[in-house]
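J.: Taken in sequence, the protein lines are chains A and B.
First residue of the first sequence? That's 1 in my numbering, and the numbers climb one at a time after it.
First residue of the second sequence? That's 1 in my numbering, and the numbers climb one at a time after it.
If you're looking for bench data, these hints aren't it; they were derived computationally from the structure.
Check before you lean on any hint, since a few could be wrong.
Which copy is meant is left open, so a pair is good if it fits within one copy or across any two.
[To be verified] With a Cα cut of at most 27 Å, we get these calculated DSS-like pairs of lysine-lysine:
#1 Lys139 x Lys155
#2 Lys216 x Lys5
#3 Lys216 x Lys20
#4 Lys20 x Lys155
#5 Lys5 x Lys139
#6 Lys155 x Lys5
#7 Lys155 x Lys216
#8 Lys216 x Lys139
#9 Lys20 x Lys139
Here are the chains, one letter per residue:
Number of protein chains: 2
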Amino acid sequence: MKRLKVSNNVIRRLPRYLRKLDDLAANGVTRISSFELGQQLGLTPSQIRQDFSCFGEFGQQGYGYNVADLRAHIATILGSDRGFNAVLIGVGNLGRALIENFSFADCGFTLSAAFDINPDLIGRNFGEIPILNMEDLEKYLAENSVDVAVLTVPKHAAVSVAENLEQMGIEAIWNFTNVELAEPNTNTIIENMHFSDSLLSLSYFIAERRDEQASKSGKADKE
Amino acid sequence: MKRLKVSNNVIRRLPRYLRKLDDLAANGVTRISSFELGQQLGLTPSQIRQDFSCFGEFGQQGYGYNVADLRAHIATILGSDRGFNAVLIGVGNLGRALIENFSFADCGFTLSAAFDINPDLIGRNFGEIPILNMEDLEKYLAENSVDVAVLTVPKHAAVSVAENLEQMGIEAIWNFTNVELAEPNTNTIIENMHFSDSLLSLSYFIAERRDEQASKSGKADKE
Numbered sequence: 001m002k003r004l005k006v007s008n009n010v011i012r013r014l015p016r017y018l019r020k021l022d023d024l025a026a027n028g029v030t031r032i033s034s035f036e037l038g039q040q041l042g043l044t045p046s047q048i049r050q051d052f053s054c055f056g057e058f059g060q061q062g063y064g065y066n067v068a069d070l071r072a073h074i075a076t077i078l079g080s081d082r083g084f085n086a087v088l089i090g091v092g093n094l095g096r097a098l099i100e101n102f103s104f105a106d107c108g109f110t111l112s113a114a115f116d117i118n119p120d121l122i123g124r125n126f127g128e129i130p131i132l133n134m135e136d137l138e139k140y141l142a143e144n145s146v147d148v149a150v151l152t153v154p155k156h157a158a159v160s161v162a163e164n165l166e167q168m169g170i171e172a173i174w175n176f177t178n179v180e181l182a183e184p185n186t187n188t189i190i191e192n193m194h195f196s197d198s199l200l201s202l203s204y205f206i207a208e209r210r211d212e213q214a215s216k217s218g219k220a221d222k223e
Numbered sequence: 001m002k003r004l005k006v007s008n009n010v011i012r013r014l015p016r017y018l019r020k021l022d023d024l025a026a027n028g029v030t031r032i033s034s035f036e037l038g039q040q041l042g043l044t045p046s047q048i049r050q051d052f053s054c055f056g057e058f059g060q061q062g063y064g065y066n067v068a069d070l071r072a073h074i075a076t077i078l079g080s081d082r083g084f085n086a087v088l089i090g091v092g093n094l095g096r097a098l099i100e101n102f103s104f105a106d107c108g109f110t111l112s113a114a115f116d117i118n119p120d121l122i123g124r125n126f127g128e129i130p131i132l133n134m135e136d137l138e139k140y141l142a143e144n145s146v147d148v149a150v151l152t153v154p155k156h157a158a159v160s161v162a163e164n165l166e167q168m169g170i171e172a173i174w175n176f177t178n179v180e181l182a183e184p185n186t187n188t189i190i191e192n193m194h195f196s197d198s199l200l201s202l203s204y205f206i207a208e209r210r211d212e213q214a215s216k217s218g219k220a221d222k223e
C-alpha cells in the first residue's frame, strides 16, 4: 500500500472513527454524512473530510459515506486486516486482565502466548493462552512469527526486559509499564499506555470545571 | 484560577511535559531551553513556547525554563495539587492491578476505597484499600468527598453502573470498560482509557513501516 505522510493526530483519530462506524453498522446505519459523523464525534465536518482525504477519496459529495466501505478502508489503513501476532510478557494482574478480558481479535491481533518467570504460573493456561517460561522466549520468537510484545512486567524490570526484546528482534512493544521506553535511537516501535497521562487529563477537566463554577458563582455574588 | 480556553491537544501534551520535567529534575537538570525540551520530546521549540503561552508567560527569552517552576506551574494547571479523591468500582484483575500497581498519588489523587459485588472480596483489603460492598456505595459517597469513580467493571455492567454513578452525583468517571460512555448530554466528565485505540495505533505504525520497507525493496529490485 502506498502511504502519504499523515500527522500523528489523524492517526490517533482513526481508531475512534472505526469504533463509531462499528457502532453505526451495529445499529443498521449504512450511510452517513460528514456532518452527522462530525456531530456524533464532536468534530467539524471539514475536519472529517480533511482527515479522510489523507488516504485518498472516500465518499461522494452530497451522498455521504458508505459505512461498511469506510470502515473497511480505515481498517486497511490501520493494518488491522494483516493478522499481526502478539505475545504478552509478565502475567501479573494487569497481564491477566489483558489476557482474559481484552479482545485482541477485535483489533485484528492474535495473542498466541504469555511469558512469566513465576514457576506457579508457567505451564498453566488462562483461557486458551499458555503461560510459558520466560527462558523459552527467545526460542519461541525464533520459531514463531511475532510482531508485538505486550509488556506488562513490573516497573523495575521494564527497561531490561525491553532491551532483551529488542535484541531478540521484536519489532514493536505495547508498553504498559508506566516506564518511558521510547528512545530516539531505537528501531523498535513503542506504543505507551500511560495511565497517568489519562488520569491527569481527567484531573484537568475537573479542575477546569470547578474553576468555571467558582468564577460564575463569584460573578453571581457580585451581582 | 482564571483559565483560557485551551485545545484538547495542548491539554493532552501537559502530562507528557510533566513526566519529562520529573525526569529532568531527577537527573539534576534545573534549567532547560525550549529547543532542548523540544528535542527530547520530538516537538518543535515554537510548539512548546506556544503550548506554554496558553497559560501565561513561563521562562525568559534566552534563559530557558526553570525546571522546578515549570513543573509546579503545569501541575497547578492540571489540578494535580488539589487533592482529588477516587473510588474504584469493580475489583477484577484490572481493578486489582490499578489498586496494587498504579500510583494514584503520583497524579495527586487519593484512592480511598474499592467496591465490588463479590462476597469473597468484600471486607478484604488490597494494600491499604478496603474492598466494600457495592450496596454501600451510595452511603459512602454521601459521607465522603469523592471526585472520581474508576470504572473497572465487566463490559456488560458498564452502562448501568455508570448511570447509577451519575445518579449518585459522581462528577467524573475514569472509564476502563472499553464501552463508550461519553454522552453529549451528560454532566459527568468521562475519560476513556481505550486500550484498543492504542493497539490500533501501534498496528498503524507497524503496517506503515512494513509498507515503507516493501516500497524500498521494490525500488531496489528495479535498480
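J.: Compare the structure with each hint and give your call.
T.: Hint check:
Taking identical chains as interchangeable, the C-alpha atoms of Lys139 and Lys155 lie at most 27 Å apart only when both belong to the same chain, with a minimum of 25 Å there against 36 Å between chains. With identical chains, the CA atoms of Lys216 and Lys5 are at most 27 Å apart between copies only, with a shortest distance of 15 Å across copies and 45 Å within one. For a Cα distance limit of 27 Å, the shortest separation of Lys216 from Lys20 qualifies neither inside one copy, at 35 Å, nor across copies, at 35 Å. Proximity of Lys20 and Lys155 under a CA criterion of 27 Å is satisfied inter-copy only: 17 Å between copies versus 34 Å inside one chain copy.
Taking the closest pair of Cα atoms, Lys5 and Lys139 never come within 27 Å of each other, the shortest separation being 36 Å inside a single copy and 54 Å across copies. When the C-alpha separation of Lys155 and Lys5 is checked against a cutoff of 27 Å, the pair qualifies neither within a copy, at 34 Å, nor between copies, at 36 Å. Taking identical chains as interchangeable, the C-alpha atoms of Lys155 and Lys216 are never at most 27 Å apart, the minima being 43 Å within one chain and 38 Å between chains. Proximity of Lys216 and Lys139 under a CA criterion of 27 Å is satisfied in neither setting, with 64 Å inside one chain copy and 30 Å between copies.
Proximity of Lys20 to Lys139 under the C-alpha cut-off of 27 Å is found in neither arrangement, the shortest distances being 40 Å within a copy and 36 Å between copies.
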